[in-house]
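Dock chain A against the given chain L, drawing on the hints supplied.
As they're listed, the protein sequences go chains L and A. The opening position of the first sequence corresponds to residue 14 in the working numbering, with each subsequent residue numbered one higher. The opening position of the second sequence corresponds to residue 17 in the working numbering, with each subsequent residue numbered one higher.
Careful: at least some of the hints might be erroneous.
With a straight-line Cα cutoff of 20 angstroms, these simulated EDC-like cross-link-like pairs (lysine to aspartate or glutamate) come out [said to hold, decoys possible]:
#1 A:K1017 <-> L:E253
#2 A:K552 <-> A:E625
#3 L:K192 <-> A:D940
#4 L:K279 <-> A:E1035
#5 L:K263 <-> A:E1035
#6 L:K263 <-> A:E1039
Now the in silico label distances, taken between C-beta atoms and shown as ranges [to be verified]:
#7 L:T129 <-> A:G169: 26 to 36 angstroms
#8 A:G622 <-> L:T129: 51 to 61 angstroms
#9 A:E1009 <-> L:Q210: 33 to 43 angstroms
#10 L:T129 <-> A:E1009: 38 to 48 angstroms
#11 L:K309 <-> A:D1067: 51 to 61 angstroms
In case anyone wonders, no lab produced these hints; they're calculated from the structure. Don't be surprised by glycine CBs; every beta carbon is placed ideally from N, CA and C.
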Amino acid sequence: MDVCYQRFPKVKIREMKDDYLKFELRETDASMANALRRVMIAEVPTLAIDLVEIEVNSSVLNDEFIAHRLGLIPLTSDNAMEMRFARDCDACDGDGQCEFCSIEFTLSARCTDDQTLDVTSAELRSSDPAMCCPVDQILRSASDSGGYDGSEQRGITIVKLRRGQELRLRAIARKGIGKDHAKWSPAATVTFMYEPQIHINEDLMETLTYEQKVEWIESSPTKVLGMDPNTHQVVVLDPEAYTYDDEVIKKAEAMGKPGLVEIYAKEDSFIFTVESTGAIKAYQLVINAIDILKQKLDAVRLSEDTEESLDQFRELGAHLGGGGN
Amino acid sequence: MKRRLLSLKEAYSQKKLIEKWHELFVEDEVPRCKREPLRGDNISSAAAAPRECVGPGPATRRGRLLSFRLFPALPSGVKLDLGYGIRLEPFQSGETPAACQASCRCRQAGHTYHGKFLVQVSFQYNDGPPVLETFSFGHLPIMLKSKLCHLRGADTQKLVANKEEAMEMGGYFICGGLERLVRILIMPKRNYPMGVVRSGFKSRHDGFTDKGIIIRCVREDQSSVTLRLYYLQNGSARLGFSIKAREYLLPVGVVLKALKNTSDREIFLALTSSMVSQLAGERAKIILDEVKNLSLFTHQQCLKHIGKHFRAAMDGLETESYSVVGMAVLREYILVHLHKPEDKFNLLIFMLQKLFAIVDQKSLPDNPDTLQNQEVLLPGHLVTIYLKEKLQDWLFKCRQLLTETIQKAEKNFDFQSLSEVKKVMQKANHRSIGKSIESMLKTGKLATETGLDLQQRDGMTIQAERLNFLRFISHFQSVHRGAYFTTMRTTTVRKLLPESWGFLCPVHTPDGEPCGLLNHLTSTCRITSCYDSSGKLKDFFKIRHSIEYVLDGMGMNSSLPKLDQSGPPDVLDVILDGRIIGSIFTFLVHKAVSHIRKLKLLPSSGIPEDLEVGYVPITIGGAYPGLYLFTSPSRFVRPVRNISHISEANADIELIGPFEQAYMEIKCADGGDGGRSQHFPATHEEIHPTGMLSVVANLTPWSDHNQSPRNMYQCQMAKQTMAFSAQALQYRADKKLYHLQTPQTPIVRTKAYSKYCIDEYPTGTNAIVAVLAYTGYDMEDAMILNKSSVDRGMCHGYIYQVDTVDVSDNKSSETKFFRRSTTDKSVNSLIDSDGLPFIGQVIKPKEPYCSIYNETSGKIKTMTLKGSEPVIIDSVSVDGVSSKNSIQKVDVRYRRMRNPIIGDKFSSRHGQKGVCSQLWPDVDMPFSGVTGMRPDLIINPHAFPSRMTIGMLLESIAAKGGSLHGKFVDATPFARSDKKGCPEDDSNSLVDELGPLLASKGFNYHGTEVLYSGILGTELVCEIFIGPVYYQRLRHMVSDKFQVRSTGTIDPLTKQPIKGRKVGGGIRFGEMERDSVLAHGAAYLLHDRLHTCSDYHIADICSLCGSILSTSVLQQQKRTVVREISGLPPVRASKKVICHACKTGKGMETVAMPYVFRYLAAELAAMNIKMTLRLSNEAKATEA
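Just chain L, with the same shape it has in the complex:
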C-alpha cells in the first residue's frame, strides 16, 4: 500500500430507473468499488419465501420443486433493511413466524376446466401486500395507473395445472442475504468498469488512408471509434464502449502503426451498472449497500478499539491496528 490518504469518493448518477442504475464512482480505488459490488450482490437483505407448508399438491411437480420455484420469486423488500433476521428475532424466538421477521403468503389454485391453468406468482396472496408481495403484482398495480402494458404482465409461472389438479400452500417469506442463498440477492447484475482514456495519436493517424481508417475503426467490435463525416477524422465516439479487448491496439500493430492509439484505464474512476431484480429499487440497492458497507466498517472499527479484539482477530487485528503506520 503505497499511498494511504483519506479520499472522498464522488458519485455521479447517469441514468436511473426503478430496476436500472448507471453511475460513476470517482476518486476511490478498485477495492472500494469491488466491495460495493460484492455487498450489492451478496449482502443487501431482501425478502424471499423460505418456508413452504404444502397442504395439497396434486400437480405434476413435486413439493420441493414448487418450494424452490416459490423461493426464487422476487418479492418487494423495501422494508427489508428494517426487518429482523429470523435467527435474531426476539419476538418469536427465532422460529421466524412473527410480523417482525416474516410475511406469510398463501396460494390456492385448482383447475376446474379443460384448459391448462397457469399458476403464477400473481396468485400468491400476501398477508401484508403493502409490505411485501411478488414484484410483478406491484408492477401490475402500477400498470393500472398507466405505465406498463398490463397484458404483458402475467406473473411468474409456478406450475401448470390440468383439470382436477390442485395446489394449496402456505409460505413464509423471511429476510436473508444473497450470501446464504441466491434467492435473497437483490441484484440481477452489478458490474463496474474502469473508465478508459483513449488518446489517438493524431500525427500517426494522418498517415492512414481513408480505407485504413475505416478498417481500423471497424476492428473494434464495439462502437468506440467513429469518423467525422466531414473532416474524415477519427474521433472517439464512446470511450466507455471500449471493453479493454485491445482489438484496436492489435489492429494498429498489424497495420504497422504501433502507438496509433493509447488506452489507459483510469485507476480511480469506475462506471457502475446496477440491475435490480425488482425486490428493491436500484438506487435503494446502492444506498443499502453503502449502509451495510458502513456497518461492516463500523464493526471492524469497534472491534479495533477494544483490547480483546486484538486477541480475537490476532493477525487481522494486528494488521488493522499497526498496519497503517
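Below, chain A alone, put in the same frame as chain L:
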C-alpha cells in the same frame, strides 16, 4: 407313398403353426412417432411361411421334428401333431385378460406381460381322421408393441392414457417387472460357405489340416445347423456336423453319392471343372476312392452306410430302416437350408471347389471376424428356435410317457381312448413351455441340450435400463460379438475393420473390457426381416423365383439341367441364399449385376429392395469368386444413393449389405473422388457422412473437430448422464431412477438431435463456462461451480428409488397386513392409519416408513429406512391385495434430493469430465465488466491442449453467438464436407462463420472476454474464453460413494474394523499405504492407525511356557467392594490369571498386540503347531 401323403399334411399344419408363431412374437416394423425406426426392422420374425414345402419335393423334412408316430404293441398307432397357436389378448399375470393398462401395471407390480399360450394338438390313429385337442402351454411373454400387444399401433394419446411414454417404441419384454430385451448377437452369415484357416482343425483328428469350409445352414424356421468341411492332408475332405454337441465326421464322397444317384464320372467332372489345377483331378480321385474303399458303390449303399452309423444317434428313428435313417441324416444335418438333394449336391461340390481353391492358395480364406461374413441373431428368431426345441422336448416326453404306460400295461389304460391318452400327456408338464420361454427372457440363459447351434448359452437377454433415454435406445442398437470372445486373449476380434463401415459405429463402443466386442449399429443401419418396408410378410419363394427369372433373362444358365461343366474363370456360380441356381459367363456378370441393382430400386420389379448382390469378381489370390445373392432376414443393410441409374428424385436410395459393400464403389459426398481411378468410377454415393455414426455419437456437436477417443468417451458418458429419464415417471417403479429437475435443450445441436427428438428427454444444462485457472480448485479436471447458479436450480436432480414391501408369505400360515399400532403413537407422524407412509413425508434414516401387523402373533413390525440420507415419500402404490381385501404388497417410492455438491461429476459433450471441487460464491467468481456476467462453471485451460477437444471450444463460441442472436446453431459433424460441387469453398474455417456472429454483437471475435477478479475487482491479466457449453451431470455422485467411519462395527473374528461401505465399514489401509507412511517415518501414526485404532488387544501370556492360548482369567471368588469416588472411574478389580499348562499364575505377563495375532496362534494350534512366545523381560523374571 402313404407316408408321403401323411407328411404333406404334417407339413401343412407346420406351416400353419409357424404362421401363428408369427402372430405370437413376431414383430415387424414398429411405427413410431416422428422418429426414424430405430429398432423396428431388428425385431424380426420367426420363420417365413414355408410355401415351398407344399409343392412337390421332399416335404417330409420338418415333419419328424414336431410330430411323431407311436406304434405300440397294439395294432393301432397314434400320431401326434401340433396344430396352431390360438391368439388371445395379453394380460398381466393374476388378472383377467380384460385388464387394461396391462403393460404399465406389469412394470409396477413386478409381473410379466404375457398372453395365454394355447396350442392345438392333433391326434391321428393310424390313418383315421385327425382329432384336434387344445392344450395350454402356459403363458408366453409378449413383446411390447408387437402384434399381440394392446399398444400395437397406439398413438401418443393412447400411450399416455395407458401410462406409457408418449414415444414408447416397444421392442422389449416385461419379465418380472423388468424391461428385458434380447441382445443382438453377431452370427456367422447364414447359408454362405466360408473358407477358414483355423489351427484348431489340425487337432481334430490325424491327417487333418487347418483349412476348411464352414457353412451355417438356416432353415425357414430359423433353426440352424453348422456344417464343416475339413481338408485332409491326403487331399480328401471330411464333412463334420454336431448332434447333441458331439461332432460326427463323414467322408465327403459318401455324402455326395448319398445325395444324388450319380456316376463317379459326374462327380469327378464337377470337382475338376473350376480353377483347373492338376491337383484337382487327383483329389477327386482320392475322394471317390475313399468311397470305393468302404465298398460302397451305389447311391443306396451310401445312404444305408450313413443310416447304419447314425441310427443310434438319431432320436426316434431307432426302428426305421437304414436308408430311412440315412435320408433323415441328410435331411436334418446336411445343408439343411436346402431341400432338394440335387441342390445339396451342387452346393457341396461348390464348397469342395472353394476349399481346394483355398488349399491351392488360388483364393484367400474368408475372415470370420469381418462384418462381411456376419449377420445377427434377432429376438424373434431366438424365441422361435428355443420354443421349437421346447415343443419338441414336450412331444418326446409325451411319447416316452405313453410308451411307459403301454408297456406297464396298466389296467385302466385304453390306448384307443383319446381322453386317457390325453390324461397321460398331461403329466408331461405342458405348462412349463411358456414358463421356460419366460425364464429364458428373464435370465438370458438357454436351458438346452443341443445348444441350438449358438455359441453361448447365457447372456442372451439384457435389461433395458432407463437411466436416460440415450442409454435406453443404445441397448436396442447394441450388437454383441458373443460371450466367447470376451475371454479371448487376442485383440483381433476387437479390431475395427473397414468392412463394418457404415454398419457399426466406429465411435460408439465402450472403453475397456468389452471394447470392440460390444458395438452399436449406425443410425442408418437396418436389419432385414421377414417383412418388407411396407410391413407385408415377404414371400421368399416368389422373391427367389423372380430373381431367378431375371437372371435367366440376363444369360444365366440354370443349374438343374447341368449341361456345361466349366467353372471359373469362364463362368461364375450364382448362389442365391445358399443355393446354386446356375452359372453365368464372366463377361455377362457385370451387366447382370448392374441390371439387378436397377431393378432393386424399382418397387414393382419383384426384386426386394434389400437384396444383397455380392459379386465377388475373379481376382488373383483374392476371395473366391462368385455371384452371391442374399434375400434372407437378419442381414445388415444400409441406404446409399445409387448414382449410376439416374431415375426419379427419390428412387435412388439403394439398400446395401456388408457383403456386397466390399466390392462396390461408393464415394463419399464430399465432392472428391476418394482416390478412385478412372477405371472404377463410383456407382454409389454416401447419403451423408454422419450415417456412419450411431445415434448417440451423432449427438456430439462437431465431433469431427475432436480427437477421436474423446468422442468415444462422450458416447460412454452420454449414457451415464442424469437426465430427464421418463415422461411417465410417476407410473414407473424402477429400482433406481435418476432424474434431472430442470434440463435444457442445447443451443448447439446436431441435426440428429431434432431428428431423434432428444428434446423429449433432454440431458443437460447450458452452463456459462469460463476457461481459466482461477483459484487452483480447478486443477486436474476439477471444476468450480457457481454457488448461486446451483441455488437457482442448475443441475438439480433426484433419485427415485422403489422399495417393494410384500407381506404375503406363502410358506408360513401367518397372515399379515399393513396397520399402524394403536398403542404406540410415536410413529403417527410418519405413518398413516393404514400402516403406510404419508405422501410427501420426509423420512430420516432409521425412521419407520411402514408398519406391518402380524395377525397370528399380534405383533407390529415396522420397516425402517436404511442408508444415511433422508428421503421423501414420493408415492405409494398397491400391487397386491389379499382375498380378504387387505393390502399385501406395496411399492413405496422414495425421492432423494441430489443437488450438486462437492464431489459430483459433470461432463461436457466432448469427453471432458470433471468433478465439482467447490461451490464458489457468486461474488468471488470473475465477472465481465461489460455484461456483469459471472460464469456458472470454471474449468482449467489444461483440459484442452493434450485432449484436443476443439469441438468444445467451437461449441462455446457457437452457443455464445447463438444465444446472442436467439438462434440454435447447427453443429452436425462433417457438414462442411457435404458441400457438393464447390470443394474450393472450404477455405474459410468454421471459426470464420462463428466469429462474425459474436463481433456483430460487440463481442470478441474469438469468444474471449475481459474478466475482472471477483475478489479483488482488478482486471485479469488474460482475456478469458467464456461461453455457454452444454453440460451433463453424470450419475456418479459422492453421496453414493463417500465412505467414512470413526468407530463402528468390528469383525467378530479378528476384531478389526469391517469392510464395506453399505455396512458402515472403513476403507482398507493396506500395504501400500503402510509403506508410504513408513517412508515418511511417521511411526507413531502407523502404530495409531494399524494397531490402536484397529484391533488393539492386551493379552495375558505365560512367560514360563510362552503360550498365549493357555492363559485364562480365574473367576473372582469374592467381590471386592469397589469404592466409587465420584467423578473417577471405579478402580478395576485386579484379576487373577493363571496358565492352565503350567498350573500357575506366576509367570503371567500382559502384552499389547493385535488381536489377529491371538487368532493366528489359535489357527496354528488347530494345525497342531504350537506357538511359543519369548518375552524380552523373561530372562529378568527368571533371574529375579
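Subject >> Satisfaction of hint between E625 of chain A and K552 of chain A, Cα-Cα up to 20 angstroms >> reply: Answer holds: K552 of chain A to E625 of chain A is near 13 angstroms, not above 20 angstroms.
Original post:
Okay, G622 of chain A versus T129 of chain L on CB: inside 51 to 61 angstroms?
Top reply: Because 53 angstroms falls inside the window, the suggested range holds.
Original post:
Measuring from beta carbon to beta carbon, are T129 of chain L and G169 of chain A in 26 to 36 angstroms?
Top reply: holds, 28 angstroms
Original post:
Taken at face value, is the distance from the CA of D940 of chain A to the CA of K192 of chain L at most 20 angstroms?
Top reply: holds, 11 angstroms
**OP:** With a cut-off of 20 angstroms on the C-alpha distance, tell me whether K1017 of chain A and E253 of chain L pass.
**Re:** Given that 20 angstroms is the threshold and the Cα spacing comes to 16 angstroms, the pair holds.
Original post:
Does E1035 of chain A lie within 20 angstroms of K279 of chain L when you go C-alpha to C-alpha?
Top reply: It holds: about 12 angstroms lies between the C-alpha atoms, which stays within 20 angstroms.
Original post:
Between T129 of chain L and E1009 of chain A, is the Cβ distance one that fits in 38 to 48 angstroms?
Top reply: holds, 40 angstroms
Original post:
If you check the beta carbons of K309 of chain L and D1067 of chain A, does the distance land in 51 to 61 angstroms?
Top reply: The hint (51 to 61 angstroms, Cβ to Cβ) holds, given that K309 of chain L and D1067 of chain A are roughly 55 angstroms apart.
Original post:
Holds or violated: are the alpha carbons of K263 of chain L and E1035 of chain A at most 20 angstroms from each other?
Top reply: Between K263 of chain L and E1035 of chain A the Cα gap is close to 18 angstroms, so the pair holds against 20 angstroms.
Subject >> Distance restraint evaluation - E1009 of chain A, Q210 of chain L, Cβ atoms, bounds 33 to 43 angstroms >> reply: Holds - the Cβ-Cβ distance for E1009 of chain A and Q210 of chain L, about 36 angstroms, lies within 33 to 43 angstroms.
Original post:
When you check the alpha-carbon spacing of K263 of chain L and E1039 of chain A, does it fall within 20 angstroms?
Top reply: holds, 14 angstroms
In summary, this structure violates none of the numbered hints.
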